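Mind docking these for me? Both chains are given alone in their own frames, and the hints should help you get the complex.
So the sequence lines, in the order shown, correspond to chains D and H.
FYI, the numbering used here numbers position 227 of the first sequence as 227, with every residue one higher than the one before it.
So the number in the numbering used here is just where the residue sits in the second sequence, counting from 1, plus 310.
Calculated directly from the structure, the hints in this document are not laboratory data.
Computed from a predicted model, the values in this text were never measured in an experiment.
We treat Cβ as the ideally placed atom computed from N, Cα and C, and that holds for glycine.
Among the clues, some could well be false.
Claimed, not checked - Once the Cα atoms are required to be at most 25 Å apart in a straight line, the calculated PhoX-like pairs of lysine-lysine come out as: (1) K417(H) with K386(H); (2) K214(D) with K417(H); (3) K386(H) with K214(D); (4) K542(H) with K603(H); (5) K437(H) with K417(H); (6) K214(D) with K544(H).
Unchecked claim - Quick look at which bits of chain H chain D covers, simulated, 3 or more residues with Cβ under 8 Å: (7) 534–544; (8) 596–609; (9) 630–640.
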Amino acid sequence: MSYPGVVPHRGMLRVPLFSLCVVLLLAVGDAWPADDIRIEAQLDRGTVALDETATLVVKAEWEGPSDRFALVIPQAPRVHNLIVIGSKRGTRSWADEKGEHSAQEFSYVLQPESEGNAAVGAVRVQFTTPEGASGDLVTQPLQLRVGSPVHTRWRFSWEDVGGLVVLAGLAGYAGWRRWKKKTVRETASLRGQKDPFAAALSEIASARREGNQKAFYGAVLSLLKQLTGERTGVPTAALSARDLVPFAGRLVSEESSAERLRDLLSRIDAILYAPATDDLDADMDVTELFVRNLVSESQIGKRERKDASR
Amino acid sequence: MPLDSHIQEIHAEIERESEFVERIVSEIGKVIVGQRTMVERMLIGLLCDGHILLEGVPGLAKTLAVSSLARTIHAKFQRIQFTPDLLPADVVGTPVYEQKKSTFTVKKGPIFANIVLADEVNRAPAKVQSAMLEAMQEHQVTIGDQTFALEDPFLVLATQNPIEQEGTYPLPEAQIDRFMLKVVVTYPSKAEERQILDRMTEGDVPHVNEVVEPADIIRARQLVRRIYMDEKIKNYIVEIVCATRKPAEYGLADYTDFVDYGASPRATIWLALASKAHAFLCQRGYVTPEDVKAIGMDVLRHRVIPTYEAEAEEVTAEAIVSKVFDSVEVP
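The following block holds chain H by itself, in its conformation from the complex (with noise of 0.2 Å):
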């Protein structure tokens, strides 16, 4: 099937982009084994300008895999470990009076980087939340009376444990809609394992290289909003979101009582840039209902609120989501 001139011109145009993706996913490949999906949705976030939420028990190294991924893209990259007692200041930044000069100069916070690493952000209290996520939002920070634009790329991982709930402030439910994507992070396999124990005890830890600079990852951007998405797509992706808030009238009668809340049009935004990034990754110039089932679960779990019944009889999110998939017609 021969292609016409504007599709040729973006596939050629994606293939020479998209070369540096396999370079950094090799690069953090040195020193994380396994997690290609979290790597990978990292990178989704980077070209769509989104965060992620990564879920995941301790020892996971999704630490490592974020500041490995900011080491490789030649990016500022920031941790920001999340604590009862963190205040905003902490956090955005304050002003410092000077007293020789006897004025107040700006002392910016560590959310002044690239890409920067919220630690357990479920751990501190909701007013220092709320301000990293303020920022998230608008790109920019007020502090004091000047108001300062945020590093483009500007990228937030934020992580949170599953366990150890005790003493933990849950993100609302508002504020976990600004995160583009929440990946959870599994246990690598057996083989991966092993893999691990050889590369972290044996020999020197291997170094990451730069590979790229951020004004790549930016015209790459621009590039995933080219990608051509037919019609019949982006109307799928309108009835998965929507079949998230009325499941009866997608045959899904019985999911009715469980969805307290579907997902909100920010979803729809998100799953058609999220599946262009991922047709960018495979190198496709357009986008196909593969890519949007392989990145809907992460673009929606976050988004379906499941009501006590649910709860009660132990249907999650994701069981919903799954279902919702499942369900709708694929064009």
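Excised from the complex, chain D in its bound form (with noise of 0.2 Å):
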């Protein structure tokens, strides 16, 4: 604003041309997207073992939604000393008391070729944004000490091989313990029914040798409401045998053998609870075999289940 009379000063003109300019510059670094992206480069360690991995992750990170900028995947970074043996990204976007952050991230398995000085080039990132600007950003090239292998192969000494007969002889003093005390617990358990399949099996056959159809049946019994309740978690000590029918198809893996299963327990009421007879049955073998496939393949399944649930 000029006023008539009053001839501005040259020094009066420079402050706002100054500041024109200054807006100027402000603009057109702010239309600059370069500026507003940030990209860094990170190894997860300083030093890597021959036998390990180390993972380098380049982080491109900026203001506001994550549609903001498109980044083109990079090329998998130039390496020395080492190999790229796998890679993937990720994309994550989070707000905070300033705003709107976004992040994209590429890493990088790289794995050791020999033990000294590794290298990772720098990788170049592309960008474009919505409305057409594009441009690239370059991370600073990374350094990498290959170390001797961890897992190092056994070099026999003699002071190795004193230690080794010690340790030989703790292992060896650990395990008879060990074996005592199984040992004394399961002849404890046949009397206690704390180990039930072992007890259960051990009457079953013992009842098969003797000919003595109500105790084997009973004692199979006994081992499929065992088993039934460790299966499904049922208690089942107040179940009779037709009750434990529906619960057949949990035990066995196959349809047959669950058929099977429901017409030995449909049988085993006429057995246990009619006059005894004389008639030898010929089942009890097959019987016999029947249960005791059945238990190999519930701890079988147990196995499974605790090796599946790691």
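Written as structure tokens, this is what we have:
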């Protein structure tokens, strides 16, 4: 603004011109997208053993929503004394008091080739914006030290042999104690029903040898109740043979075996509670084999479930 | 599994003798829709010579079921409506003075029948109830100085209404114990209800025929007693009854404070007999734990007396019995 009769002084003109330049520079700067996106490359460790891997993470971060920049997946970094054995990418957005932020990460798994120094070259990441602007960013190169393998091959010395002898002695003693403890527990469990499968199987075998049908099928029912209880978590003590029929499908994997189990369960009542007969039951051998298989299958299944849960 | 000749013989006999069961059930089924359990329990009562307490709200065909059962077995049926002004003589009978002969002659009461329906038994005073319950127990009645044996078979089916308890005389525990079974009659299902509507509002009401004679029932009773019960089952029954008395010994320590009195030895006897009768209805010559479980609730629910604590906690006798069956190991 100028007033009539007043001639602007040269020094007075300098200030608005300077301000205009600053504003123009700021406007231009604001329009340059590369200033709003930061890139960084990081290794997860400075030294890596020969038999281990290191991870390089290239992270591009900017303010605003994730679609503010579109990144082109970069080529794998050039490496020295390393092999890139895997890569993955991920995007995330978050917000804090300063506003919304987004980041995109490219990670590379690096495996060293030999002991010594290794290097990771710069990674170039190209980007575009929805307004049509584009550009690229380059990370700094990184260095890595490759050390000797962690799992080294054993080299025997007389000291090692001595140590091994002592260790073997200790292991043997521990094993003997464990064996003794287990043996005592198993013997006790046969009396105290602590190990139900072993006790029931032993009872089944002994009843079959004696030809005692009622005792045999009683032990079979007891075993089936224990198996059902273990498999389903249902309390089975107060269940009868017929009550177990609906659970048959859960004790075995094959339908034919389930059908056979149902048949066995429906027969058990007649054997257990009808008057005893003198006829020898030829099915006892087959039944014993069948229930032993059930126990094995159950134990295998149990182990598999345990492994899967790990 | 081949069965020995003894059991085969019983099996064959049971098959032959229990054939009437289906005929009775199907005859009663002409007029009663559903309520299969109630009908089976009535048959078990007949086969065991035990009396039954039926509990259910009005309108569940309790009276019709009992009268139909009496008709199917060609038995003499009497119905006594218990009221507060009923007298013992109205039930058992009384000596009547005959002026012409100048002597007393006995006029027998309605209890002299094969099947007696004591409707709303809790509405009559204690003296009437005890007169009837004594007759139930002794199978005989003394009027004046004369003692009369009751008919055989003799089955009392007493009904109780669980609602409208004002002005009633609840049966004492000692007298309830004389009923072999307490059967709770429930509402029919929706489909059964619809069937009832069709049957009772269209055409003629069906007629129930006599399909068996009382003598057949008496013969079947003897057969029921011959049904084999393994030692394991006997022990199981004893364990069940003992568990109602000492729940803590059967892993039911939480229920100790809920049981005032457990089941009596009479419960043991009835549970064994009723299990045999249940096996008979299933046409089987031996008892299984399934039979004991099937009939157990009806034998025990009125014999287990819950404490006030149980009532406060809303733990019913049925809940205690059910817990007992869930806890006692099946042999």
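Structure-based check of all given hints:
1. K417(H) with K386(H): holds, 17 Å
2. K214(D) with K417(H): Answer violated: K214(D) to K417(H) is near 58 Å, above 25 Å.
3. K386(H) with K214(D): Roughly 46 Å between the alpha carbons, so the hint for K386(H) and K214(D) is violated.
4. K542(H) with K603(H): Roughly 14 Å between the alpha carbons, so the hint for K542(H) and K603(H) holds.
5. K437(H) with K417(H): holds, 19 Å
6. K214(D) with K544(H): holds, 16 Å
7. 534–544: That given contact holds, which follows from 4 residues of the region 534–544 of chain H lying within Cβ reach (below 8 Å) of chain D.
8. 596–609: Since three or more residues must qualify, the claim that chain D covers the region 596–609 of chain H holds, with 6 doing so at under 8 Å.
9. 630–640: With 6 residues in contact (Cβ-Cβ under 8 Å with chain D), the coverage given for the region 630–640 of chain H holds.
Against the hints set out earlier in the document, violations occur for numbers 2 and 3.
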